[in-house]
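> Each chain, written out:
There are 2 protein chains.
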Amino acid sequence: MMGFTGRRARPALRLFRNPALPMKITFLGTSSATPTLRRGLPAVALQRDGEVLLFDCGEGTQMQLQKVEVRPSRIAMLLVTHLHGDHVTGIMGLLMSLKLAGRTEPLIIHGPAGIKDYVLGSMRYLRLRVDFALSVEEVVPGDVLHRAGYDISVFPLDHTVPTLGYALEENMRPGRFNVERARALGVPEGPMWGRLQRGDCVLLPDGRTVAPAEVLGQPRRGRKIVYALDTAPCRDAISAAAGASVLIHDATFAPEEEALARQRKHSTSVEAAAIAQEAAVEQLYLTHISARYTHAAPLMRGVRRLLPTARIAHDLMDVEIPLRE
Amino acid sequence: MMGFTGRRARPALRLFRNPALPMKITFLGTSSATPTLRRGLPAVALQRDGEVLLFDCGEGTQMQLQKVEVRPSRIAMLLVTHLHGDHVTGIMGLLMSLKLAGRTEPLIIHGPAGIKDYVLGSMRYLRLRVDFALSVEEVVPGDVLHRAGYDISVFPLDHTVPTLGYALEENMRPGRFNVERARALGVPEGPMWGRLQRGDCVLLPDGRTVAPAEVLGQPRRGRKIVYALDTAPCRDAISAAAGASVLIHDATFAPEEEALARQRKHSTSVEAAAIAQEAAVEQLYLTHISARYTHAAPLMRGVRRLLPTARIAHDLMDVEIPLRE
Numbered sequence: 404m405m406g407f408t409g410r411r412a413r414p415a416l417r418l419f420r421n422p423a424l425p426m427k428i429t430f431l432g433t434s435s436a437t438p439t440l441r442r443g444l445p446a447v448a449l450q451r452d453g454e455v456l457l458f459d460c461g462e463g464t465q466m467q468l469q470k471v472e473v474r475p476s477r478i479a480m481l482l483v484t485h486l487h488g489d490h491v492t493g494i495m496g497l498l499m500s501l502k503l504a505g506r507t508e509p510l511i512i513h514g515p516a517g518i519k520d521y522v523l524g525s526m527r528y529l530r531l532r533v534d535f536a537l538s539v540e541e542v543v544p545g546d547v548l549h550r551a552g553y554d555i556s557v558f559p560l561d562h563t564v565p566t567l568g569y570a571l572e573e574n575m576r577p578g579r580f581n582v583e584r585a586r587a588l589g590v591p592e593g594p595m596w597g598r599l600q601r602g603d604c605v606l607l608p609d610g611r612t613v614a615p616a617e618v619l620g621q622p623r624r625g626r627k628i629v630y631a632l633d634t635a636p637c638r639d640a641i642s643a644a645a646g647a648s649v650l651i652h653d654a655t656f657a658p659e660e661e662a663l664a665r666q667r668k669h670s671t672s673v674e675a676a677a678i679a680q681e682a683a684v685e686q687l688y689l690t691h692i693s694a695r696y697t698h699a700a701p702l703m704r705g706v707r708r709l710l711p712t713a714r715i716a717h718d719l720m721d722v723e724i725p726l727r728e
Numbered sequence: 404m405m406g407f408t409g410r411r412a413r414p415a416l417r418l419f420r421n422p423a424l425p426m427k428i429t430f431l432g433t434s435s436a437t438p439t440l441r442r443g444l445p446a447v448a449l450q451r452d453g454e455v456l457l458f459d460c461g462e463g464t465q466m467q468l469q470k471v472e473v474r475p476s477r478i479a480m481l482l483v484t485h486l487h488g489d490h491v492t493g494i495m496g497l498l499m500s501l502k503l504a505g506r507t508e509p510l511i512i513h514g515p516a517g518i519k520d521y522v523l524g525s526m527r528y529l530r531l532r533v534d535f536a537l538s539v540e541e542v543v544p545g546d547v548l549h550r551a552g553y554d555i556s557v558f559p560l561d562h563t564v565p566t567l568g569y570a571l572e573e574n575m576r577p578g579r580f581n582v583e584r585a586r587a588l589g590v591p592e593g594p595m596w597g598r599l600q601r602g603d604c605v606l607l608p609d610g611r612t613v614a615p616a617e618v619l620g621q622p623r624r625g626r627k628i629v630y631a632l633d634t635a636p637c638r639d640a641i642s643a644a645a646g647a648s649v650l651i652h653d654a655t656f657a658p659e660e661e662a663l664a665r666q667r668k669h670s671t672s673v674e675a676a677a678i679a680q681e682a683a684v685e686q687l688y689l690t691h692i693s694a695r696y697t698h699a700a701p702l703m704r705g706v707r708r709l710l711p712t713a714r715i716a717h718d719l720m721d722v723e724i725p726l727r728e
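Sequence order for the protein chains is A and B. Each residue of the first sequence is one higher than the last, beginning at 404 in the numbering used here. Each residue of the second sequence is one higher than the last, beginning at 404 in the numbering used here.
Any given hint could be a false lead.
Identical copies carry no separate label here, and so any pair may be met within one copy or between two of them.
Stated by the list, open to error - Only pairs whose alpha carbons sit at most 30 Å apart, straight line, appear in this in silico DSS-like list of lysine-lysine:
1) Lys502 - Lys519
2) Lys502 - Lys668
3) Lys427 - Lys519
4) Lys502 - Lys427
5) Lys470 - Lys519
It should be emphasised that the hints constitute simulated quantities derived from the structure, not laboratory data.
Here chain A stands alone, though its shape is the one from the complex:
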């Protein structure tokens, strides 16, 4: 089941049932416009709570999915940044294979203005009909998609065509449960502990009420994953990425190609690192790498000085995102 998605104001901080969910990012394609033998066209899968979100879907995405531990049947949502071919030419093939695999679960595709025409128009040309509920919904900067356990905020990027970034942020988790404090307050071990952990007040046998805040530590931040490509360096990406666990950012060029990056509205690796640093991002992954780079050295020059944890993504790279304390 998918959560409600739509355009609503972000709700106030919620304390939310949120067990230790594993979260994993898998880079399916990390090249820019032209694929190479080692880098496919852009796509990133994010797995959380048995559900897969796909960011972009370049040509070959369905083939890459076969090489990794990501089940295409679990893809609930595809988030498209913009309508350049390298980011969307895998959609038709993916839809066709999902159909042939007998999919019945609904699928939502979000993207900028034009995504609906592209997807539905291509399906018409190819006489492709699917047997599952497919909705293609255009989003605009400022939209927030509310889903079970997390929100996705849509923000603007600075590229040659209208382009959207996506910031996925989990709801807050309750603070750590203080066993000693619960015992001192006389809360009997058992179901009441669970209710307090889940944010409910409990009534003790002696008539006293204990509130969650009395036994829980500070609420803990959810994980935050921000996807920002294709784009020149921009303030909106910095704001959206503030405090992110992971930022996946355009790094098409090495720093010496800054002029070319400006002209084509892309970023250099060092510019991406500067954005991540300013946004106090925990981990930066550089992707959308130009086919001209067969080695990481020119791209990494100057990057680790700004951000020691920065890494260049590569195809089929898996990244586990730990819970935050």
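Got chain A; can you put chain B on it based on the hints?
Structure of chain B alone, referenced to chain A:
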């Protein structure tokens, strides 16, 4: 330079300058609708005289081209069989990469009704403009595309949507030059031999005229390559494949799935072999293999009994086609 292409009656047998041109077929993708880890979506490259013809262009074709000795810049023509996604979803990516590689040579795409809308419509959606002359021309069964040194005949196939097969046939080559006969006739060794070999009459110093037929053996047949997928077994494919050097035929299913093959308008491997046998084809390649087959055995059952030289194509398979004597 590309030859004239258009709809004209096939010209009478021509004797043609035709040196020993190497010809090579490369299977780029050999799966049916769903790709597998070992088989990509349909595409076949044919190299001849420094030129590449591409038959179909499924998703991932541009990536497969990087793995083989086929230069994308040499692709002069793309021949599309039908508008199912697995046969065309690689076109946009290929166009994009050709553009980014700085191509200036023209490119022709031929296909059934609808190919023009699909290609030009997709380019509009993706705001893709190319800097080379791109023409997309719809063809119908019976059309013959005349090119330098060979013709391509378009024939109908029997599938769930309008589908075209293509039969490429080289012009006749002059017969073998009979050196003893030329000497006996008093033709001096040198340029006159070459002119006779190329089909011209020569005037000897003593006033006699020698015609090519006096020194050449029987004209030799050109090579003939026939591409027939997706299709149920059909008479048109048999006629078109008559005497072919190579037939590349739909073999989506093993013989025990004949009912399924009928329902989906595909062929079984044994049906493809029967067609090749009836058409007296020299070499059959079975392709468009369903993802259900991870081994060749079920597909080959009964095939070699009909046609000992039949082979199942695999991705990146190269086949040299020798000249005919």
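> Against the earlier hints, flag every one the structure doesn't satisfy and list their numbers going up.
none
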